[in-house]
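So the sequences go chain by chain: A and B.
Take any residue in the first sequence, count from 1 to its spot, add 552: that is its number in the working numbering.
Take any residue in the second sequence, count from 1 to its spot, add 8: that is its number in the working numbering.
Worth flagging that the hints you see were computed from the coordinates, not collected in a lab.
Treat the hints loosely; a few may be bogus.
As the list claims (entries may be wrong) - Restraint-style ranges between C-beta atoms, simulated for each label pair:
| # | chain 1 | residue 1 | chain 2 | residue 2 | range |
| --- | --- | --- | --- | --- | --- |
| 1 | A | Arg721 | B | Glu337 | 23 to 31 Å |
| 2 | B | Asp184 | A | Ala790 | 23 to 31 Å |
| 3 | B | Gly93 | A | Gln901 | 19 to 27 Å |
| 4 | A | Val627 | B | Asp113 | 47 to 55 Å |
| 5 | A | Ser896 | B | Asn75 | 21 to 29 Å |
| 6 | A | Ala698 | B | Glu337 | 38 to 46 Å |
What the hints assert, rightly or not - Which stretches of chain B does chain A cover? Using the computed rule of at least three CB atoms under 8 Å from a CB of chain A, they are:
| # | region |
| --- | --- |
| 7 | 14–28 |
| 8 | 247–258 |
| 9 | 299–310 |
| 10 | 314–328 |
Computed from a predicted model, the values in this text were never measured in an experiment.
Every residue, glycine too, gets a C-beta built ideally from N, C-alpha and C.
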Amino acid sequence: MDVARHTLENGLTVLLQESHHAPVTTFWVWYRVGSRNEVPGITGVAHWVEHMLFKGSEAFPKGEIDTQIARNGGVMNGLTWLDFTTFFETLPADRADLALRIESDRMVNALFDPEEVELERTVVISERQGAENQPTFLLSEEVVAAAFRVHPYHHETIGDMCDLETMTRADLWRHYQTYYGPDNAIVVAVGDFNASEMLARIEERFGPIPARSNPEPVHRPEPPQRGERRVEVEGPGATAYLQVAYRAPAAADPDFFPMVVLSSILTGASGMNVFAGSPPNRSSRLYRALVETELAAGVSGSLWPMLDPYLYNITATVRTGRSPAEVEAALDAEVDRVLQGAISPEEVQTAIKQARAQFAYSSESVTNRGFWLGLSSIVADTDWFAAYLDRLAAVTVEDVRRAAETYLVRRNRTVGHYIPQEVQP
Amino acid sequence: MTAAMPSPETIVRSELENGLTLLVYENPSSPAVVLSGYLWAGSLGETREQAGLAGFTAGMLMRGTENRTFAQINRELESVGAQLGFSSGVHTVGFGGKGLAEDLDLLLDILADCLRRPTFPAAEVEKLRGQILTDLERRAHSTRRMASLTFRELLYPDHPYGRSVQGYPETVAALDRESLTGYYAQHYTPQGMVLAVVGAVSAEAVREKVEAALGDWSGAPGASPTRSIPPAVRLDEPRRRFTPVEGMAQTDIMLGWPGLARNDDDFMAAHLANTILGVFGMMGRLGDSVRDRQGLAYYVYSSLQAGLGAGPWAAIAGVAPTNVERAIEGILAQVRRLREEPVPVAELEDSQSFLTGSLPLQLETNEGLASVMLDMERYGLGFDYLQRYPALVRAVTVAQVQEVARRYLDPECYALAVAGPHRTT
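Looking at chain A on its own, in the form it has when it is part of the complex (with noise of 0.2 Å):
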């Protein structure tokens, strides 16, 4: 499971591990820009680049990046995050050389035909139209919007409506040259290759490309909040939903792993396969408190490792003839045993046994696992995903009571009502 690091000459980083389990190779590119790097007027720039970078260079015309991984038995995608922009493909090892092919040719070339932006302006909206219909979606998005007044967390990854509608090519266009340069990217290949041979290709590949200017890091951080927040959405539905979100560690902050467990007691552990849902939590507190009592509907939690102090969001669907008050009340209750010193040491001892399953599944994935390398590069640092297993190990329960005590905090916290509304026609 060793990683070898190598940064080229342009200031790319590039990370290695062999797997020979399986006949695949999983080959990454991460740049280190977000949604956090964007500013009103411009919002959702980050994603809409990552779908242009799909639509068209001289090399590879519309379409062609699709049809050769396709044609290859390979997957591929770009995701974008409010920490990161990345691309992958996972192929048959003995054709990885077109992912590194793509990527090189992505990191410069693509062309943002006007016209393919236009085309593609629609496709985003139709993406966030898709979004909007779900009411976990718009509660969230103003939960977010609640907690961070000043961090660009504030805004979601796909961008609000009236920038879809107004962003220009231009602004696409500077996003590109900003950001996509090698001193800004992570190069991340796991899977049934011989590290050093792969190096090569990838100085071949990669290596002739200029860096660029770095860009500046964004430093808007959040000043402390004074007070709960609290928001109500009103949608359509019959359906009522709580979303209540307390402050959070950033990954490299020690406090994160303490928090890890705290979530895992809370509302069970958190999957690591990047493509898959949500491990079942029911045996966590909040499914005990809130489903079991025929509160709620189901129950769950979230805790990104993230670059700076972000949130970890408890969401319940309320259980219909109850309110999102009673569901929040007894959220509240359960809460305040926490703090008041309830927990135990086999508490402590089962989030870490779980975290170790979710791994060892995880694993079984190359593309799981450069999904890892490349985040933790870019959140904290390479070995943080390495060290995960024994950073959890070694939390105790004093660290968690006094991690409940930190994060835990009424007062700094946004809680959400989603409230059904018939709509007519």
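Got chain A sorted already, so can you dock chain B onto it with the hints?
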């Protein structure tokens, strides 16, 4: 190529005296194990008035046994990061579980306990009923799920494929505990059950453990699961229905036909025709035309559900409410093209390369391996299927693709479900 593949030599198959078939594949590449399988207790055995009964019954298996309460089952599984779940389809109830290989005994013990000794506690019946009813209420406000529900009703009237496996609010509300225990006694037997175990385990040890856990299970006296294949349906006229889901930003479309069974001689040609129409690369010709060239949708694809009977063959799209008619026209135009023009040889070869080339990716994880093995068993494909598969795919001709498109995809006579807000145009 370093990895073995499921084959007659590497899949260890055995039949227990009670009729249970066990498939084991040793895969030492990660320290985990997957259990997956099915038994013949799907919704075929229920009437329209009982819709949801099979799913409700399957959902109750983990909610209390003679040896464990629901809470105990959850705690025992989750405390070691393991998971297990049951869910009903039309023909079968499927189950899936995974854990660290060291916890295989626990997984098998709980699987056997749930299958053999469920107690259907009255309080748990009401808890689960409430969760199902809340979910059905969410469904009523989901454009995607309502399009799918309506589509099946249009395509398969008075046919088990036309009914919702999850049921309807009035049917689920009316199911009593006796109907659940009755359904269980009637349908749950090891006769015809298949269990696949894949992971870091020895086939011999698994066989002994499964024999110990399930070998002396016989099911209730007189149990006779429903294994009939429902009659195929024909569409003699176009059927269109609009289902209003008010307040939504996006409309979902499902347009299609009755397809074919997995064992049909036409299957491989249809599989390729479907790949070309709405899968290959970024969702095939539909993605290329409706998404990329017209910018109408974020997702548009086609799906061929060939199972024990002739499931639907359909195109699915999510579009802005004002673009519904254009998207339908765009889908039908691609259907006509597939029928009227022979597919270019190179395009067929691309899809053939995709289907054969992507095998290594499908076989990378324990879950992927188990899924392929269960298909081999369920459809009688033979354990040498993966070895024969490339030749089967390559044997499909341009003429055969056109022939199946003409036989199954009638652009004048289809079922069309549209779910979304009332159109203002």
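So, going through the hints one by one against the coordinates:
1. A:Arg721 - B:Glu337: 23 to 31 Å: Distance hint for Arg721 of chain A, Glu337 of chain B holds at roughly 29 Å.
2. B:Asp184 - A:Ala790: 23 to 31 Å: Check passed, 25 Å falls within 23 to 31 Å.
3. B:Gly93 - A:Gln901: 19 to 27 Å: This hint holds: roughly 24 Å between Cβ atoms.
4. A:Val627 - B:Asp113: 47 to 55 Å: Given a distance of about 35 Å, which is not inside 47 to 55 Å, the answer is violated.
5. A:Ser896 - B:Asn75: 21 to 29 Å: holds (24 Å)
6. A:Ala698 - B:Glu337: 38 to 46 Å: At 43 Å between Cβs, range holds.
7. 14–28: Contact hint for the region 14–28 of chain B vs chain A: violated, 0 residues under 8 Å.
8. 247–258: holds (count 7)
9. 299–310: holds (count 9)
10. 314–328: Three-residue rule met by the region 314–328 of chain B, so holds; n is 3.
The structure fails hints 4 and 7 (numbered hints given earlier, in ascending order).
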